[in-house]
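Trainee: Protein chains in written order, with the numbering used here: chain S, 1 to 382; chain R, 1 to 382.
One or more hints might be untrue.
A pair holds if it fits inside one copy or across any two, identical chains being indistinguishable in the list.
Said to hold, decoys possible - In silico DSS-like links for lysine-lysine, alpha-carbon gap of 27 Å or less: (1) K132 <-> K312; (2) K87 <-> K132; (3) K327 <-> K132; (4) K329 <-> K37; (5) K165 <-> K87; (6) K37 <-> K165.
Everything labelled a hint here was simulated from the structure, so no lab data went into it.
2 protein chains.
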Amino acid sequence: MRVMILGGDGYLGWPTAMAFRQAGHEVQAIDNYLRRKIAQETQSDALVPNPLLPERAAVFERVTGGKIEVAIGDCCDFTFLSGELQKFSPDVIVHYAEQPSAPYSMMGYDEASATLSNNLTATFNVIWAVLKHAPACHIIKLGTMGEYGTPNIDIEEGWIEIHHKGRSDKFLFPRQAGSLYHTTKVLDTDLLWFYVRTHGLRVTDLMQGPVYGLSTDEADLDQQLSPNFHYDDIFGTVVNRFLVQAAVDVPLTVYGRGGQTRGYLNLRDTLQCVALAAANPPAAGELRILNQFTETFTVNQLAERVQRVGRKMGLRVDVQNVDNPRKEKEEHYYRPVHHGLLELGLKPRLMSDDVVAAMLGQVLRHRNRIVVERILPRVRWR
Amino acid sequence: MRVMILGGDGYLGWPTAMAFRQAGHEVQAIDNYLRRKIAQETQSDALVPNPLLPERAAVFERVTGGKIEVAIGDCCDFTFLSGELQKFSPDVIVHYAEQPSAPYSMMGYDEASATLSNNLTATFNVIWAVLKHAPACHIIKLGTMGEYGTPNIDIEEGWIEIHHKGRSDKFLFPRQAGSLYHTTKVLDTDLLWFYVRTHGLRVTDLMQGPVYGLSTDEADLDQQLSPNFHYDDIFGTVVNRFLVQAAVDVPLTVYGRGGQTRGYLNLRDTLQCVALAAANPPAAGELRILNQFTETFTVNQLAERVQRVGRKMGLRVDVQNVDNPRKEKEEHYYRPVHHGLLELGLKPRLMSDDVVAAMLGQVLRHRNRIVVERILPRVRWR
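Construct all of the structure, not just a fragment, from the sequences and the given hints.
Mentor: Rendered as structure tokens:
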């Protein structure tokens with residue numbers, strides 16, 4: 001297959017590019033370094049600096065012999081994106097090219113506007129570039145479990161049959177997200193579904209939970225191939241925050257009461273999921289939605305796990321509840337299904353104590369680089 | 001009240017501005033003439049030329065003594081919009097400032113992109129200008145019944161209680177629109193609902209059906225105060241198309257089988273609805289959704305009505321089924337509720353034969369200006 005990765009410099013994009021290449025596919029990675037720019041603006045640099053995309057590709061080629069094509073440019077520029085599609089002629093596009101930070105999207109007008117504009121325009125341009133230049137191409141779009149929010153009913157896999165006053169019909173599962181960033185993904189899904197049903201696109205929308213981990217078969221070949229690791233309040237996840245806090249002996253900060261439940265997955269499982277989606281494309285005119293996570297736990301359970309593992313490794317690891325900077329339910333029902341990817345063949349690699357210990361070990365090796373001021377929330381939902 | 005009308009030069013915007021002024025409110029009308037520009041680009045000029053907004057306001061002041069403030073500018077320009085809000089300090093904003101043509105939004109990349117960008121950016125800017133400069137202001141947003149599409153279940157007033165696997169929760173009613181234009185209104189609602197629930201805005205989202213008519217108390221005072229009348233395939237509605245076809249003795253063109261059912265209302269009733277919404281604002285943190293139409297009928301029923309009335313007036317009036325340029329169901333279940341506005345006091349003025357005869361009379365007076373080539377569809381949903 002010819003696989004084009006949009007957002008190919010990102011935490012998921014780069015490992016995805018390497019994995020497809022190692023599996024024998026032709027791969028092009030495209031990025032405009034938006035995340036790097038925002039990280040600089042907000043003093044949220046990654047724990048270890050990562051080489052730029054062409055250098056990453058050069059290291060990868062040196063180590064593996066495999067070539068990853070690289071293009072630096074903006075998916076919001078339709079002429080650029082169309083040109084790349086015409087040249088590369090992809091069978092699959094993996095679309096990660098979005099501003100991915102919820103706190104950034106909640107900072108103020110400029111950041112919210114940039115997030116809305118970037119994410120919607122990129123998705124809209126992908127749709128139209130495919131319609132014009134590669135209509136049979138399978139678009140794999142990264143959505144988020146956050147699109148669903150935390151409803152009081154079981155979360156189905158993208159769609160729901162609603163029975164109402166003696167009649168019934170099938171609809172997109174209702175979505176109500178917790179940040180503007182997550183809301184842009186709701187809008188993306190609406191846009192994709194419109195063009196799927198009127199113009200016959202084939203799309204997989206992956207509703208992914210928070211991803212953790214730095215280890216993949218390819219990333220482990222050379223330190224220079226590692227994905228970026230953010231622990232700041234802008235790009236860091238709760239998993240990374242806890243790992244870093246454990247490493248530098250500051251208490252793990254649980255936002256609010258800590259009952260927030262989410263569906264998590266290992267970076268290695270993200271790679272499996274995307275590969276499975278690519279190998280099993282939906283029909284033209286089908287929007288296939290897959291819930292992409294392997295296990296659910298609360299923030300408190302995660303904190304306990306990091307604490308248990310950290311203490312075994314001789315760290316102190318206290319846990320502290322802090323004022324929640326976000327507007328979200330801190331105790332709620334949460335029961336999302338996730339059948340589709342298992343049926344396609346996903347073999348989950350759960351967050352065992354060994355996995356936590358390995359991540360903590362990686363963080364500890366860079367302990368002296370950690371800037372504690374970056375960890376605590378600087379952005380509040382008002 | 002201080003009432004700011006965005007899109008104040010439009011078919012609804014101008015009559016709304018006049019009606020609020022005549023009711024004794026302070027009124028500012030803002031427009032960037034986008035509809036006029038698109039009408040020129042697409043050879044879709046209105047049946048009778050309308051004066052520009054400052055001239056309309058001058059005529060209105062001459063005739064009634066009432067002053068309507070005017071500002072020409074683009075709601076997508078946040079600096080401009082913020083400045084106007086700070087100067088005018090509105091209690092209510094009526095937001096009509098969107099690209100309103102479904103066929104235009106389906107022409108190609110440029111038109112689709114312009115529609116998405118204009119409509120989302122305008123709504124986003126209204127939200128933020130209110131948050132920053134007038135947080136208690138009531139936003140009355142014009143949505144469309146088209147957001148719901150034509151589901152196989154009864155359409156509720158914006159919200160639905162979903163019972164699923166023994167549990168239940170309340171959600172936005174599922175929406176699935178028939179054009180990109182209508183889809184942008186779905187996205188608008190998602191955006192508004194996000195900021196309502198996180199930032200405490202007060203918003204009324206009016207899900208309006210197709211509006212017909214040229215007569216309002218103020219418009220009838222002077223020909224120069226008339227709203228614009230489009231009969232072309234870009235801005236014209238099915239009602240206007242049939243009126244014009246009857247007037248020039250070409251067959252009424254029913255798209256497909258003509259079973260498409262929609263909820264219609266008289267322009268006078270739109271004015272009532274907006275006034276009632278403004279007089280009864282929702283609470284802070286409430287997104288109130290009202291279905292704004294007074295009666296439903298099929299395209300075939302509408303064609304029969306225009307035929308019956310036209311023949312009484314001595315016109316020939318044939319009806320012809322033509323290939324449907326749109327992707328839509330031509331026979332479908334359609335049962336939308338519309339309680340909210342009736343409960344607020346709406347007195348519907350239905351489409352009687354007299355109302356049709358009056359509209360047909362107005363069109364016949366300008367019969368020699370009708371350009372038949374503009375009537376038939378030039379844009380096809382592919």
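Trainee: State for each hint whether it applies.
Mentor: Here's how the hints hold up against the structure:
1. K132 <-> K312: For K132 and K312, the Cα distance exceeds 27 Å both inside one copy (57 Å) and across copies (50 Å).
2. K87 <-> K132: Within one copy only: 13 Å inside a chain, 46 Å across chains, cut-off 27 Å.
3. K327 <-> K132: Classified as between: cross-chain Cα gap 19 Å, same-chain 41 Å, threshold 27 Å.
4. K329 <-> K37: Answer is neither; intra-copy 32 Å and inter-copy 47 Å both fail.
5. K165 <-> K87: Neither way: K165 and K87 sit 53 Å apart in one copy and 49 Å across, limit 27 Å.
6. K37 <-> K165: neither (52 Å within a copy, 46 Å between copies)
When each numbered hint is compared with the structure, violations occur for hints 1, 4, 5, 6.
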